[in-house]
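For the protein sequence lines, the chains are A and B, in the order given. Using the UniProt record's numbering, the first residue of the first sequence is number 1, and each one after it goes up by one. Using the UniProt record's numbering, the first residue of the second sequence is number 1, and each one after it goes up by one.
Since the hints were made in silico from the structure, they are not lab data. Fair warning: there could be bad hints in the mix.
No copy labels: a pair is met if it fits in one copy or bridges any two.
[What the hints assert, rightly or not] Quick list of in silico lysine to aspartate or glutamate cross-link-like pairs, DMTMM-like style, CA-CA up to 25 Å: (1) K35 with E127; (2) K190 with D37; (3) K297 with D188; (4) K297 with E47; (5) K112 with E313; (6) K148 with D67; (7) K266 with D11; (8) K282 with D144; (9) K291 with D303; (10) K321 with E186; (11) K266 with D303; (12) K291 with D304; (13) K332 with D149; (14) K321 with D303.
Computed from a predicted model, the values in this text were never measured in an experiment.
Protein chains: 2
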Amino acid sequence: MNESSDDFQTDFFEGTEKLLEVWFGTRSSSECHKKYDLRIIPRTTWETMLKLVKCEIISQLSNDELDSYVLSESSMFISRDRFILKTCGTTTLLRCVNALLYIVTQYTGFDKVRDVFYSRKNYMRPELQDKPHSSFEEEAGLLDSIFKDGNAYCLGSINRDCWYLYTLQGHHINRADQTLELIMLELDPKIMSIFTQAESGSALEATRKSGIDTIYPGAKIDDFLFSPCGYSMNGLIKGDYYETIHITPEPQCSYVSFETNFPHEKYEQVISDVIRIFRPGKCVATLFASKESVASKAVRHFDDLVVVGYQQEELQMCRFKEYDLTFALFAKAPS
Amino acid sequence: MNESSDDFQTDFFEGTEKLLEVWFGTRSSSECHKKYDLRIIPRTTWETMLKLVKCEIISQLSNDELDSYVLSESSMFISRDRFILKTCGTTTLLRCVNALLYIVTQYTGFDKVRDVFYSRKNYMRPELQDKPHSSFEEEAGLLDSIFKDGNAYCLGSINRDCWYLYTLQGHHINRADQTLELIMLELDPKIMSIFTQAESGSALEATRKSGIDTIYPGAKIDDFLFSPCGYSMNGLIKGDYYETIHITPEPQCSYVSFETNFPHEKYEQVISDVIRIFRPGKCVATLFASKESVASKAVRHFDDLVVVGYQQEELQMCRFKEYDLTFALFAKAPS
Chain A
1 MNESSDDFQT DFFEGTEKLL EVWFGTRSSS ECHKKYDLRI IPRTTWETML KLVKCEIISQ
61 LSNDELDSYV LSESSMFISR DRFILKTCGT TTLLRCVNAL LYIVTQYTGF DKVRDVFYSR
121 KNYMRPELQD KPHSSFEEEA GLLDSIFKDG NAYCLGSINR DCWYLYTLQG HHINRADQTL
181 ELIMLELDPK IMSIFTQAES GSALEATRKS GIDTIYPGAK IDDFLFSPCG YSMNGLIKGD
241 YYETIHITPE PQCSYVSFET NFPHEKYEQV ISDVIRIFRP GKCVATLFAS KESVASKAVR
301 HFDDLVVVGY QQEELQMCRF KEYDLTFALF AKAPS
Chain B
1 MNESSDDFQT DFFEGTEKLL EVWFGTRSSS ECHKKYDLRI IPRTTWETML KLVKCEIISQ
61 LSNDELDSYV LSESSMFISR DRFILKTCGT TTLLRCVNAL LYIVTQYTGF DKVRDVFYSR
121 KNYMRPELQD KPHSSFEEEA GLLDSIFKDG NAYCLGSINR DCWYLYTLQG HHINRADQTL
181 ELIMLELDPK IMSIFTQAES GSALEATRKS GIDTIYPGAK IDDFLFSPCG YSMNGLIKGD
241 YYETIHITPE PQCSYVSFET NFPHEKYEQV ISDVIRIFRP GKCVATLFAS KESVASKAVR
301 HFDDLVVVGY QQEELQMCRF KEYDLTFALF AKAPS
């Protein structure tokens, strides 16, 4: 995304996103004159905060429960008590955490962080990242300096494809929550060319031509086609549910991510749909589900999940206090 | 183990072991005049190899299928096609890998490495380790230079208690194999004092007083009490089965490891027995089981495993091609 050079064939862009999700709550039930809603925070305040991250808002879309922002590098989602920021390239996402906590305290009644999830895949070129993103140890160190009881994990193979997670030990929650993320690499160049201005006249055209609009047919879509190439979309599904897709199409560093918190009892269909659209050489899948989620069975039985044409090369499961997590690596089966 | 100073209270000893397990096989079924048995390799050859690791043989015990060695720092087990070396302190275990492969080729008919498992907990004081053990990245890098298709993993919390594993992608095996390891920290000082020469007159006395002899009552035991403190034991159980225990009793760095490949359908009893003997503040448990093992169900249902007085703080599972692995962290429940 946000590519400035014309040198499509040789330029490098780090599609790999940093992803932060923070849930807010209150320490006590004491009366407070402020609202318990992150959506009252003004856009100009978010814009100031995003300067620390080195990205900006391109577009906004809302439904009754969710404000979504397409950014110059990926996306931001604000709902009543949940903040999600996902940024790619050499953005400095974690530089905004202290500012975020300050802003939330200033504008809302929330005085407690209930949950934190910071995650990313290993970078293609870690040496290009700015502080504090040079290494996961550095990222985790910064988060440790802000939060108590944080745990840092590495799922997958450290010396190949892995996925890092920092999360808090887990307070007792009482919510159904689930997040599926698909991180796809080594994508089909024919499909990737859809996400260039040379081939698609508009974001809408790319969305339809690729079939992205068929994943959740009822979603309200805010899509953006970058110049000369690159694509982002946020989709709002009825309720507090979103889907988001980010595409770096250049063949030498192709990268696509798909993420949704829409609840499914089974994930076979949505994973197969996304993989059929993008045809990656390999795909890291992560699925979180709280104990209350309809997805809690799916996360525990991920080994049964079949994607035609792909094999599960890696499978790991983590049991956290309030969530289960599965990490899987799919690779195209030899034909 | 092998403590040379009298300063029991302030000395530091790194009990954390490096653990290497290598399975050998043959590439073809071609005739070979050499035997397919690691046990024909002479003790003097092992002694030379162990100089690279900076440890030596203290004692030997054999049964029909297994040669066991107590070392100045931990243990070595040689059976027909499986080599196990476990060393603590600042030993340089991985410096022997090339020599091991050479020795096996020279003496036996084996010409293929079928499986490799290298693992350890995070060190208490990594800065005291010699190359290539300064970091897991360095260890994995060395192993990557020797083996193809190796994968490096980190289970547990990187910034707290974690356990590293390097293993090959997995060739097709057809064996029932299982390994339970319990790594215990923050041990009860009263129990640890049994493993000092001040309190126990002999290894046998320490073995009986502690109850170690009750874990596998039929085992042939080779035990050793170091001066002024520290304890090692190898137990040979009928068949190709072993148990091994290593104890660093000093309160400021107490560490106990228990390992066995004895097959159980359920691990509740053996884990509870070991934990009752040593009463650790926390315990990392790892259980490997091949698909053919009677333990394969236990490794998948480790979350059901209850140890009275302890709670499972962490639980992770890995699915490999031929093995399943569970990592769990138990901590003493608040009383």
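(message) Cα distance capped at 25 Å. Does K266 pair with D11 within a copy, between copies, both, or neither?
(response) Classified as neither: same-chain Cα gap 39 Å, cross-chain 55 Å, threshold 25 Å.
(message) Treating 25 Å as the Cα threshold, decide for K321 and D303: within, between, both or neither.
(response) both (22 Å within a copy, 12 Å between copies)
(request) Using 25 Å as the alpha carbon limit, work out where K297 and E47 are close: within a copy, between copies, both or neither. (result) For K297 and E47, the Cα distance exceeds 25 Å both inside one copy (39 Å) and across copies (52 Å).
(message) My question is about K266 and D303: at a cut-off of 25 Å on alpha-carbon distance, are they close within one copy, between copies, both, or neither?
(response) both (12 Å within a copy, 22 Å between copies)
(message) At most 25 Å between CA atoms: does that hold for K148 and D67 within a copy, between copies, both, or neither?
(response) Neither: 29 Å inside a copy, 48 Å across copies.
(message) Within a copy, between copies, both or neither: which one fits K282 and D144 at a CA-CA cutoff of 25 Å?
(response) between (32 Å within a copy, 22 Å between copies)
(message) Regarding K291 and D304, is the shortest C-alpha distance of 25 Å or less found within a copy, between copies, in both, or in neither?
(response) both (19 Å within a copy, 16 Å between copies)
(message) I want to check one pair: K291 and D303. Are their C-alpha atoms no more than 25 Å apart within a copy, between two copies, both, or neither?
(response) both (19 Å within a copy, 14 Å between copies)
(request) Evaluate K321 and E186 at a C-alpha cut-off of 25 Å and name the case that applies: within, between, both or neither. (result) between (35 Å within a copy, 23 Å between copies)
(message) When Cα atoms must be at most 25 Å apart, do K35 and E127 count as within-copy, between-copy, both, or neither?
(response) Neither. Shortest intra-copy (43 Å) and inter-copy (50 Å) distances fail the 25 Å Cα cut-off.
(message) With identical chains, the pair K332 and D149 could be close in the same copy or across copies; at 25 Å between alpha carbons, which is it: within, between, both, or neither?
(response) The answer is between: 17 Å across copies meets 25 Å, while 38 Å in one copy does not.
(message) Reference check for the pair K190 and D37, CA-CA at most 25 Å: within, between, both, or neither?
(response) Classified as neither; 44 Å inside a copy, 54 Å across copies.
Of the hints listed earlier, those the structure fails to meet are numbers 1, 2, 3, 4, 6 and 7, in rising order.
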